[in-house]
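Participant: Please construct the entire structure, taking both the sequences and the accompanying hints into account.
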Amino acid sequence: MKKHLLGLKTTSKEEILFILEEAKKFKSIILGPQKKLDYLKNKTVVTLFYENSTRTKVSFESAAKALSAGTCAIAASSSSIQKGETLIDTGQNLDALLCDCIVIRHSMSGAPHLLSKNVKASVVNGGDGTNEHPTQALLDMLTIYEKHNSFKDLKIVIAGDIKHSRVARSNLWGLTKLGAKVTVVAPNTLLPLEVERMGCEVSNNLDKAVEGANVVMGLRMQLERQSSGLFPSIDEYHKFYGINQRRLNKADSNVMLMHPGPINRGLEIASEVVDGSQSVILPQVTNGIAVRMAVLNMVLGG
Amino acid sequence: MSILIKNGQVVLLDKVIKADILIEGSRIKKIAPNIEINADELIDASGKIIMPGLVDMHAHLRDPGFLYKEDIVSGIKSAAAGGYTSIACMPNTDPVIDNEAIVKYIQTKAAEIGTVKVYPIACITKGMKGLELAEMGKLKEAGVIAFSDDGRPVENAMLMKNALSYAKSHDALVISHCEDLSIASGGLVNEGFNATTAGLKGICRSAEEIIVARDLILAEHTGARVHIAHVSTEGSVNLIREAKYRGVKVTAETCPHYFAATDEEVSSFNTFAKINPPLRTANDINAIIKGLKDGTIDCIATDHAPHSLDEKRQEFGYAPFGTIGFESAFAISYTHLVDDKHIDLPHLIRLMSYTPAKILGLNAGEVKEGELADLIIADINQLHPYAIDACIFKSKARNCIFDGWKVKGKILITIINGEIV
Numbered sequence: 001m002k003k004h005l006l007g008l009k010t011t012s013k014e015e016i017l018f019i020l021e022e023a024k025k026f027k028s029i030i031l032g033p034q035k036k037l038d039y040l041k042n043k044t045v046v047t048l049f050y051e052n053s054t055r056t057k058v059s060f061e062s063a064a065k066a067l068s069a070g071t072c073a074i075a076a077s078s079s080s081i082q083k084g085e086t087l088i089d090t091g092q093n094l095d096a097l098l099c100d101c102i103v104i105r106h107s108m109s110g111a112p113h114l115l116s117k118n119v120k121a122s123v124v125n126g127g128d129g130t131n132e133h134p135t136q137a138l139l140d141m142l143t144i145y146e147k148h149n150s151f152k153d154l155k156i157v158i159a160g161d162i163k164h165s166r167v168a169r170s171n172l173w174g175l176t177k178l179g180a181k182v183t184v185v186a187p188n189t190l191l192p193l194e195v196e197r198m199g200c201e202v203s204n205n206l207d208k209a210v211e212g213a214n215v216v217m218g219l220r221m222q223l224e225r226q227s228s229g230l231f232p233s234i235d236e237y238h239k240f241y242g243i244n245q246r247r248l249n250k251a252d253s254n255v256m257l258m259h260p261g262p263i264n265r266g267l268e269i270a271s272e273v274v275d276g277s278q279s280v281i282l283p284q285v286t287n288g289i290a291v292r293m294a295v296l297n298m299v300l301g302g
Numbered sequence: 001m002s003i004l005i006k007n008g009q010v011v012l013l014d015k016v017i018k019a020d021i022l023i024e025g026s027r028i029k030k031i032a033p034n035i036e037i038n039a040d041e042l043i044d045a046s047g048k049i050i051m052p053g054l055v056d057m058h059a060h061l062r063d064p065g066f067l068y069k070e071d072i073v074s075g076i077k078s079a080a081a082g083g084y085t086s087i088a089c090m091p092n093t094d095p096v097i098d099n100e101a102i103v104k105y106i107q108t109k110a111a112e113i114g115t116v117k118v119y120p121i122a123c124i125t126k127g128m129k130g131l132e133l134a135e136m137g138k139l140k141e142a143g144v145i146a147f148s149d150d151g152r153p154v155e156n157a158m159l160m161k162n163a164l165s166y167a168k169s170h171d172a173l174v175i176s177h178c179e180d181l182s183i184a185s186g187g188l189v190n191e192g193f194n195a196t197t198a199g200l201k202g203i204c205r206s207a208e209e210i211i212v213a214r215d216l217i218l219a220e221h222t223g224a225r226v227h228i229a230h231v232s233t234e235g236s237v238n239l240i241r242e243a244k245y246r247g248v249k250v251t252a253e254t255c256p257h258y259f260a261a262t263d264e265e266v267s268s269f270n271t272f273a274k275i276n277p278p279l280r281t282a283n284d285i286n287a288i289i290k291g292l293k294d295g296t297i298d299c300i301a302t303d304h305a306p307h308s309l310d311e312k313r314q315e316f317g318y319a320p321f322g323t324i325g326f327e328s329a330f331a332i333s334y335t336h337l338v339d340d341k342h343i344d345l346p347h348l349i350r351l352m353s354y355t356p357a358k359i360l361g362l363n364a365g366e367v368k369e370g371e372l373a374d375l376i377i378a379d380i381n382q383l384h385p386y387a388i389d390a391c392i393f394k395s396k397a398r399n400c401i402f403d404g405w406k407v408k409g410k411i412l413i414t415i416i417n418g419e420i421v
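For the record, the sequence lines run as chains P and X. With my numbering, the residue at position 119 of the first sequence is 119, and numbering never jumps. With my numbering, the residue at position 362 of the second sequence is 362, and numbering never jumps.
These aren't lab readings, by the way, just hints derived from the structure by calculation. All values derive from a computational prediction rather than experimental measurement. Yeah, the Cβ is synthetic: ideal placement off N, Cα and C, and Gly gets one too. Some hints here could point you the wrong way.
Computed from the model, here is a short list of chain P residues facing chain X with C-beta under 8 Å [as the list claims (entries may be wrong)]:
| # | residue |
| --- | --- |
| 1 | 9 |
| 2 | 88 |
| 3 | 108 |
Computed list of lysine-lysine pairs in BS3-like fashion (alpha-carbon distance at most 25 Å, straight line) [what the hints assert, rightly or not]:
| # | chain 1 | residue 1 | chain 2 | residue 2 |
| --- | --- | --- | --- | --- |
| 4 | P | 83 | P | 13 |
| 5 | P | 9 | P | 181 |
| 6 | P | 117 | X | 410 |
| 7 | X | 201 | P | 9 |
Between beta-carbon pairs, the in silico distance windows are [as the list claims (entries may be wrong)]:
| # | chain 1 | residue 1 | chain 2 | residue 2 | range |
| --- | --- | --- | --- | --- | --- |
| 8 | P | 265 | X | 245 | 53 to 61 Å |
| 9 | P | 153 | X | 282 | 32 to 40 Å |
| 10 | P | 153 | X | 381 | 52 to 60 Å |
| 11 | P | 224 | X | 155 | 33 to 41 Å |
| 12 | P | 70 | X | 155 | 49 to 57 Å |
| 13 | X | 264 | P | 79 | 29 to 37 Å |
| 14 | X | 242 | P | 17 | 50 to 58 Å |
| 15 | X | 341 | P | 24 | 39 to 47 Å |
| 16 | P | 78 | X | 264 | 38 to 46 Å |
Facilitator: What follows is the structure, given as structure tokens:
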């Protein structure tokens, strides 16, 4: 099994399905009376976060604890990183502190890859720049898998700031490997060049793209994208690319509405649908723990 | 002191001949078959080629200011090892080369070594700030060979027009680093599939091409000549070809990494492949090779850009741009252009020696009786390619994108002013 999880680009279809099956089992345990397993009893998992996070960090810590691993959290803002320590030095010190696994989040794409080449510990990517966020995509996939038990020919729409989204990239790698038909939707200024070569359809028209969709996934839109000239106004963005009930009504009647969070109500997604019956946004969060248990158990050789 | 080089294949500007070469003092005394004379030193060059020393019109020696990356002494040793006998160094040092004192410092330090000839390039604008012209006249008198704000564009188009126009009155050469910062800003790699899948911010090729187009237009309207540095895109090649056709006084260079490597190198976050302008695509490589073949691109420069390993062993976004090039340029160019049958050896030598010398106004770049004996002897007859090993480079830096690449063509001996270096 893999020693690191750096991204779904380099994870095979079989490995993804293995993680999802494992996650299903772990989920039934954490939701049951036992809540805890001792698979990683002698292991230590460190979360090394150079960027803020609520969900991902807590989720990894909960997952580690549910497998009885020791955990330790390092935030860049309150560590030697503030004193100018390099990523490689920090990683090698964590090795010397006998950490078994480093979960890293970093604003620079490729930071987990650099770390993995320079440490003995397993490295799990908790989100790097605009590259990947593999455990987010895996939990998205678990949420879909629980309902459909397959990805083959599912129609999945990912709408929003594709260009700057690591969640979109990881989902594109994972979902297309498993046979889903993915369409990314955004204005051209928020689409990365040649994204269609990742095996998806590309559209500028959300109304058309959502027709018959099994899954509609929104992405967080950062407000500074407007000031840097990528779209004219929140109002205009919401009018053409916001996910609302009217648009969801064109999708499959069983459509699942997903979002990785944190959400901007009224920007990329309307409040009515966040809290509506098609939303699986909160179940996604719970699935995050199960998926991360499966990932930690995989890389730590449990 | 005399040296007799026997039995080599001598690369002239238009052909390769089998001949012996007699060097007396600093000059080439005789080129002829079967020279029989007792020289102080005899070199058997059987199976080897003899070429004029290479001329690099674009290198960064990092001295003064960044001696942990490279300095004039290590830069010269690296250049000599790579077969370069004349190099021009860019002024983005600290302080920048915009006054006669720094020019003198570089000339003096290089003269102490006394091997590879180092020609300083000075800034176009004072302090490389892009606001006022540097003292081109005085700097040229001090020995500056060309002017460039390399590393930065001259952003203000009017100032660039004035720079070209003023340089023309002093018969000075302006080298343009073509990059529109409003388009490139924050970008790390070529905008395209590999940037997309690595989540690295792209630099659109328009960042280069807009300024290439601008400077060609400015050169046309001022009647001045301009040299376009490090051409990396198909669009730039086309713009330059068209301008040359119209009679614009433009020359252009590319670098080995722009015809040998693509942006696929960045998909593994290899910071040695983080270069500005960025590595492009197979399409661009084809266009650059076509441009080299038809004369649109006049020469090959290294853009030797040394950095410390600590700087390169960082997150991709933090690592500085650049690859070193002195000690890999010949082998990469030979392998990808001559061995791959795009051009012949005389053409390669025109690209790497004769033409850059002419662009800079240097009396160099030719194996000719009576000329200074700046020569290199190389082996191109490897049965099997060998791997470039940056660990044995003479440069202080190791950030060579070609480290480990399999190549043919190896520089064996560099002779400068009639002395083996």
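Participant: Could you run down the list of hints and mark each one as holding or not?
Facilitator: Hints and how they fare:
no. : hint                      : in the structure
1   : 9                         : holds (7 Å)
2   : 88                        : holds (6 Å)
3   : 108                       : holds (4 Å)
4   : 83/P - 13/P               : violated (41 Å)
5   : 9/P - 181/P               : holds (17 Å)
6   : 117/P - 410/X             : violated (32 Å)
7   : 201/X - 9/P               : holds (18 Å)
8   : 265/P - 245/X: 53 to 61 Å : holds (59 Å)
9   : 153/P - 282/X: 32 to 40 Å : holds (33 Å)
10  : 153/P - 381/X: 52 to 60 Å : holds (58 Å)
11  : 224/P - 155/X: 33 to 41 Å : violated (24 Å)
12  : 70/P - 155/X: 49 to 57 Å  : holds (54 Å)
13  : 264/X - 79/P: 29 to 37 Å  : holds (35 Å)
14  : 242/X - 17/P: 50 to 58 Å  : holds (54 Å)
15  : 341/X - 24/P: 39 to 47 Å  : violated (58 Å)
16  : 78/P - 264/X: 38 to 46 Å  : holds (39 Å)
The structure is inconsistent with the numbered hints 4, 6, 11 and 15, although it conforms to all the rest.
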